[in-house]
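**Q** With the hints as your guide, set chain B onto chain A.
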Amino acid sequence: MIQQSTIPQSTAFDSLVAAYVVVFAGIFIFIWLMMSRQRRLEKKLQTLRDDLRGKS
Amino acid sequence: MGRQILGVLSLVAILIALYFALVYAPTESTMGPLQRIFYFHVPQGILSYTCALFVGFGCLMFLVKNDLKWDRLAYCSAELGVLFSTTSMVTGMIWAKPVWGAWWVFDARLTAQLVLALLFVSYFMLRAYLPEREKKARLSTVFGFLAMLDVPINYFSIWLWTTQHPQPVIGGGGMDPQMRTAFLMSITAFGLLYAYLLTHRLAIAKLEDEVEYLEQVQAA
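Residue numbers (my numbering), protein chains in the order written: chain A, 1 to 56; chain B, 57 to 276.
Since the hints were derived computationally from the structure, they do not count as laboratory data. Hints may contain errors.
Said to hold, decoys possible - Calculated pairs, DSS-like style, for lysine-lysine (alpha carbon to alpha carbon, straight line, at most 25 Å):
no. : chain 1 : residue 1 : chain 2 : residue 2
1   : A       : LYS43     : B       : LYS121
2   : B       : LYS125    : A       : LYS43
3   : A       : LYS44     : B       : LYS125
Claimed, not checked - Selected chain B positions facing chain A (Cβ under 8 Å, derived; list incomplete):
no. : residue
4   : THR142
5   : THR147
6   : ILE150
7   : LEU248
8   : LEU258
9   : VAL267
10  : LEU270
11  : GLN272
Said to hold, decoys possible - Label pairs and their computed distance ranges (CB to CB):
no. : chain 1 : residue 1 : chain 2 : residue 2 : range
12  : B       : TRP156    : A       : ASP51     : 53 to 61 Å
13  : A       : VAL17     : B       : GLN272    : 48 to 56 Å
14  : A       : THR11     : B       : GLN272    : 54 to 62 Å
15  : B       : GLN272    : A       : LYS43     : 17 to 25 Å
16  : A       : ASP51     : B       : TRP160    : 48 to 56 Å
17  : A       : VAL17     : B       : PHE212    : 31 to 39 Å
18  : B       : ALA184    : A       : VAL17     : 30 to 38 Å
19  : B       : LYS153    : A       : LYS44     : 22 to 30 Å
20  : B       : ASP123    : A       : LYS43     : 24 to 32 Å
Yeah, the Cβ is synthetic: ideal placement off N, Cα and C, and Gly gets one too.
One chain only, chain A, in its complex shape (with noise of 0.2 Å):
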């Protein structure tokens, strides 16, 4: 005998949805804010070689 779902259809898409929802969210926010902190780094580093450059 096949058991129906107790759980309403309705609630059972939203919790799906929420769900799906926050693991892309928190992987979008981790690699947006790894791209940031390249680009940062990477001008940080263009600076300062372009200093020690000019020091020596």
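**A** Using the frame of chain A, we list chain B on its own:
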């Protein structure tokens, strides 16, 4: 170049995994569509364990070799550990509310996962208070080893203690073949994403060390 290919591959794999999880896999009879959270929740949990094992391995190798590249591996993995332990807990909570009627219960598995997340956070809190790079790497190994130690306790907690957490489906033999395929697809996709995020984060960590070194040279 290799990292970009890995990034594209993981994106494609995640799109395929989404199709398998939401369309290909059959709807479970008791929980309905809610069960599909499992295809994303379990890989997040597995990745949080993987991160902890890498943190522990990095810490061990740093103590043995005294090379900061191993410390870089440890803290980059710990950052990813914060991400994946959080997403695994939040997706679990979203699943638990309609099924258990509560967002959270302090049972063995959930508590062990919370402890793992807190260990990752503590690892960074300790590092933030230490100014010297070498001291930072050496002392934070304590939390790295504790995180690694949490993994077997966390995994076996459902057999060792009475818990509300569902029993494992992997290796249990009770999974529908289509569900198993969707699950394996998810594991593969998130595994690729993990490899991409870790290699990218490691490259940034190398940049951070280079900047720190040049700042010291400039100050001298």
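**Q** Does each hint hold? Answer for all of them.
**A** Quick rundown of the hints versus the structure:
1. A/LYS43 / B/LYS121: The given pair, whose Cα atoms are some 32 Å apart, is violated under the 25 Å limit.
2. B/LYS125 / A/LYS43: At roughly 23 Å apart (the allowed maximum being 25 Å), A/LYS43 and B/LYS125 satisfy the hint.
3. A/LYS44 / B/LYS125: holds, 21 Å
4. THR142: OK, holds: B/THR142 within 8 Å of chain A, min 7 Å.
5. THR147: holds, 4 Å
6. ILE150: holds, 4 Å
7. LEU248: With a closest approach of 12 Å, the B/LEU248 hint is violated.
8. LEU258: Nearest chain A Cβ about 11 Å off; hint violated.
9. VAL267: Holds, about 5 Å.
10. LEU270: holds, 4 Å
11. GLN272: violated, 10 Å
12. B/TRP156 / A/ASP51: 53 to 61 Å: holds, 59 Å
13. A/VAL17 / B/GLN272: 48 to 56 Å: holds, 49 Å
14. A/THR11 / B/GLN272: 54 to 62 Å: Hint holds: Cβ distance 57 Å, inside 54 to 62 Å.
15. B/GLN272 / A/LYS43: 17 to 25 Å: Given range 17 to 25 Å: holds, Cβ gap about 19 Å.
16. A/ASP51 / B/TRP160: 48 to 56 Å: holds, 52 Å
17. A/VAL17 / B/PHE212: 31 to 39 Å: holds, 33 Å
18. B/ALA184 / A/VAL17: 30 to 38 Å: holds, 36 Å
19. B/LYS153 / A/LYS44: 22 to 30 Å: violated, 45 Å
20. B/ASP123 / A/LYS43: 24 to 32 Å: holds, 28 Å
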